[in-house]
Amino acid sequence: MSTRNIVAVIFFVIVAVFLVFGALMMHPFGEPEVTDMDQYIIDNTQGETGADNSVTSVVFDYRGFDTLGEATVLFTAVAGVILIFRRLKK
Amino acid sequence: MIYNIPYIAVVALILIGLYAVIFKRNLIKIVIGITLIESGVNLFLITLAFREGSIAPIYRGSGSNPLNMSLPVPHALTLTSIVIGVAVLALMLSLIIHIYKHYNTLDVSKIGREKE
Amino acid sequence: MSGMSRIVKTVTNVAFPIVMIYGLYVIAHGHLTPGGGFQGGAVVASGLAMLLVAYGSVWTMGKVKEKQLSVLESLGAIGFIGLAFLGILMVFVYTSFQGNFFNNFLINQDKIPIFNEIGEGFANINTAGVIPLMNFAVGLKVIAGLFAIVLVMAYATRLKGVKQK
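Protein chains in written order, with our numbering: chain A, 1 to 90; chain B, 91 to 206; chain C, 207 to 371.
Watch out, some of these pointers could steer you wrong.
30 Å max Cα-Cα, derived DSS-like pairs, lysine-lysine [to be verified]:
1) Lys114/B to Lys200/B
2) Lys191/B to Lys271/C
3) Lys269/C to Lys215/C
4) Lys191/B to Lys269/C
5) Lys119/B to Lys273/C
6) Lys119/B to Lys191/B
Incomplete in silico selection of chain C near chain B, CB under 8 Å [said to hold, decoys possible]:
7) Pro223
8) Ile227
9) Phe244
10) Met359
11) Ala360
12) Thr363
If you're looking for bench data, these hints aren't it; they were derived computationally from the structure.
Positions of the beta carbon are idealized from the N, C-alpha and C atoms, including for glycine.
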C-alpha cells in the first residue's frame, strides 16, 4: 500500500461522508420553496408569449441569454473535434 | 426518511462515478466515470422541481389547472447541462483516439514518462 | 469502417425517412408539445448516424464533405443571433417601440402579419412570435454539429493504411 493509495482512500471516505450527511438533511421531497418568479411564469405564459409550453418560453424568451451561451459551447466543441483530425495536404 | 429516496440515488450515482475516476487504470473506464457523475448532477437538478401530485407545465385545452404544475425553470437548466455534457464527452473521446495512435496503449501508468 | 450486409442496407432504406419526418415534427411543434430545437436535432442526428453505420464511413465521406456541414452549422448560428439582434434594430422601423436584446417583436402587433396570434386552448402553429423561427435555427445547428462529430471520428479510424506517428 503506497502512500498514494492511502491518500486516495482517505479522500474518498471524506467526500462520501459529506455527501451522505448532506442528502439526509435536505428538505423533504415534494415540497419545494415556491418563489414568486415561478408562479408568475406559469400564470402569464399564454398572455405574453402565446406559447402553450412553459419550458420552451423559459428557454427562448424569458432566459434566452443562457441559450446563447449553450450554443457557443456546442460550436466550440465541434470546432475542436474537426481541428484534431485535420489532414495536412502535401 | 423514506421520502428522501431520490437524493440517496443521486449520492449513489456520484460515489460510483468518483470510485471509477480515482481507482481505475484504463482510460475508457475513467471517461465512463465522468459521464456517471454528470448523470447524477442532472438527476439532482430535476428532482428539485417537483410539487406534490403535479403534472407537466404544458397547457392543454380545458381542465388545466395552473396551481398544479411543476416549476419550469429547473427543466430549462437541465437541458443546458445535458448539451454541455455531450460536448465534453466528444472532445474527451477524440483525445483518446489521438493518444492511442501515438503510444499504442491505453494504460494510464505507462503514458507520459519519456525522458527527452 | 466498411458497410454491412444487404439486409441491413434494405431495412435502413425503409426506416430512414420515417425517423427524419418524426424529428422534423418534434422541431416544428416546439411551442405546443414537449420538445423543441435541441431535442428534435438529436433525433435527426441519430437517424443520420444510422445511415453512417449501415453504409460505411468511406462511402459517406465521398458523398458529404465536412466543409459543407460546417457552412450549414454557421448558417444556423448566424440566424439565431440575427433574430436576437432584430429586437433592438426594430426601433428604427417603428418610432413607438421599446426594444431590448432578445425581445419578442412579432407578437401583439398587426404590421407584420405572420406569427402574431394568441390562441387560448388548442393553439395553432402560427402563434408565439419569434419562438418557432428560433427553433428552426437551433435545430439546424444541432443537426449539422452532431453529424459532423460522428462522421469525422468514424473516418479517422479506418483500418487500412493507418500510419503510426
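Here is how each hint holds up against the structure:
1. Lys114/B to Lys200/B: Holds: Lys114/B and Lys200/B sit about 14 Å apart, inside 30 Å.
2. Lys191/B to Lys271/C: Roughly 24 Å separates the two Cα atoms, so the pair holds.
3. Lys269/C to Lys215/C: With Cα atoms ~17 Å apart, Lys269/C and Lys215/C stay inside 30 Å; holds.
4. Lys191/B to Lys269/C: Given that 30 Å is the threshold and the Cα spacing comes to 27 Å, the pair holds.
5. Lys119/B to Lys273/C: violated (33 Å)
6. Lys119/B to Lys191/B: holds (18 Å)
7. Pro223: Result: violated, 26 Å to nearest chain B Cβ.
8. Ile227: violated (23 Å)
9. Phe244: Hint holds; Phe244/C Cβ to chain B Cβ min 6 Å, cut 8 Å.
10. Met359: holds (6 Å)
11. Ala360: Nearest chain B Cβ about 11 Å off; hint violated.
12. Thr363: At about 6 Å, which falls below the 8 Å cut-off, the nearest Cβ of chain B leaves the hint on Thr363/C intact, so it holds.
Hints 5, 7, 8, 11 from the earlier list are contradicted by this structure; the remaining hints agree with it.
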